[in-house]
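Following the hints, put chain W in place on chain B, whose structure we already have.
Below are the chains, spelled out letter by letter.
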Amino acid sequence: ETGVTQSPTHLIKTRGQQVTLRCSSQSGHNTVSWYQQALGQGPQFIFQYYREEENGRGNFPPRFSGLQFPNYSSELNVNALELDDSALYLCASSLDSGRFDEQYFGPGTRLTVT
Amino acid sequence: AQSVTQPDIHITVSEGASLELRCNYSYGATPYLFWYVQSPGQGLQLLLKYFSGDTLVQGIKGFEAEFKRSQSSFNLRKPSVHWSDAAEYFCVLSGTYKYIFGTGTRLKVLA
Numbered sequence: 004e005t006g007v008t009q010s011p012t013h014l015i016k017t018r019g020q021q022v023t024l025r026c027s028s029q030s031g032h033n034t035v036s037w038y039q040q041a042l043g044q045g046p047q048f049i050f051q052y053y054r055e056e057e058n059g060r061g062n063f064p065p066r067f068s069g070l071q072f073p074n075y076s077s078e079l080n081v082n083a084l085e086l087d088d089s090a091l092y093l094c095a096s097s098l099d100s101g102r103f104d105e106q107y108f109g110p111g112t113r114l115t116v117t
Numbered sequence: 073a074q075s076v077t078q079p080d081i082h083i084t085v086s087e088g089a090s091l092e093l094r095c096n097y098s099y100g101a102t103p104y105l106f107w108y109v110q111s112p113g114q115g116l117q118l119l120l121k122y123f124s125g126d127t128l129v130q131g132i133k134g135f136e137a138e139f140k141r142s143q144s145s146f147n148l149r150k151p152s153v154h155w156s157d158a159a160e161y162f163c164v165l166s167g168t169y170k171y172i173f174g175t176g177t178r179l180k181v182l183a
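Note that the protein sequences, when read in sequence, are chains B and W. In this text, residue positions in the first sequence follow the numbering used here: the first is 4, and each later residue adds one. In this text, residue positions in the second sequence follow the numbering used here: the first is 73, and each later residue adds one.
Hints listed in this document are in silico derivations from the structure and should not be mistaken for laboratory results. Note that the Cβ used here is the ideal one computed from N, Cα and C, for glycine as well. Watch out, some of these pointers could steer you wrong.
What the hints assert, rightly or not - Stretch by stretch, here's where chain B covers chain W in the computed footprint (C-beta under 8 angstroms, at least three residues):
| no. | stretch |
| --- | --- |
| 1 | 91-98 |
| 2 | 154-168 |
| 3 | 173-179 |
Said to hold, decoys possible - Quick list of in silico lysine to any residue cross-link-like pairs, SDA-like style, CA-CA up to 25 angstroms:
| no. | chain 1 | residue 1 | chain 2 | residue 2 |
| --- | --- | --- | --- | --- |
| 4 | W | K133 | W | L118 |
| 5 | B | K16 | W | K121 |
| 6 | W | K121 | B | Q47 |
Bound-form chain B, shown alone:
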């Protein structure tokens, strides 16, 4: 069983640009969640996708969007990048979307916005 993977590892973008981050969930996991971890802070929940539909969203603007595909891959898209978007982005997969479904985290993508 492979773990959760994310790509790329690091990314540098310019303010105003758009970025796509990718995640590959564990096989059989129907749910993927995305978190943003700013420097010196704990991860903050962005949103969750369950069977390709958004299942819940944290306090993030609409320029943060996502997609989940049937092949257990998913994307986080961020439009109109701002300097404050610089952070480590973590995805986590779980079997289902209940709170007793343990989430398995990927290694993260570090995004730097200049």
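What follows is chain W alone, placed relative to chain B:
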């Protein structure tokens, strides 16, 4: 309200000394709690988890945590700290469809 509080932002201990990291939670039902560790530039590693049953749970790397419902606490302990334990530690609550992270405690270990 669903929240996690880690009162200590930084903790410094000497190698070989004991360690206790504090965590308090707020949740209206039976909590599902975790401790994760994150080394600089690394992802999250699960140390241990609690859902029900014994209030003292054992984890990896010699860590344990005690759940106290009356105090809404889930403190992490280790009897003898190693230099490699220096990292950021997060207490996490499984809330409604999301994990709720504490702000973290950064552990520094003195040789």
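Item to complete: Tell me if chain B covers the stretch 91-98 of chain W under the three-residue, 8 angstroms CB rule, please?
Response: violated (count 0)
Worksheet item: Would the pair B/K16 and W/K121 pass a check requiring their Cα atoms to be no farther apart than 25 angstroms?
Response: 37 angstroms, violated
Worksheet item: For the stretch 173-179 of chain W, does the count of residues with a C-beta closer than 8 angstroms to a C-beta of chain B reach 3?
Response: It holds, with 4 qualifying residues against the three required.
Worksheet item: Against chain B, does the stretch 154-168 of chain W show at least 3 residues with beta-carbon separation below 8 angstroms?
Response: holds (count 4)
Practice prompt. Assess, step by step, whether the Cα of W/K121 is no farther than 25 angstroms from the Cα of B/Q47, and give holds or violated.
Written response: Holds, at about 20 angstroms.
Item to complete: For the pair we were handed, W/K133 and W/L118, check the Cα-Cα distance against 25 angstroms.
Response: 11 angstroms, holds
Checked against the numbered hints listed earlier, the structure breaks hints 1, 5; every other hint is satisfied.
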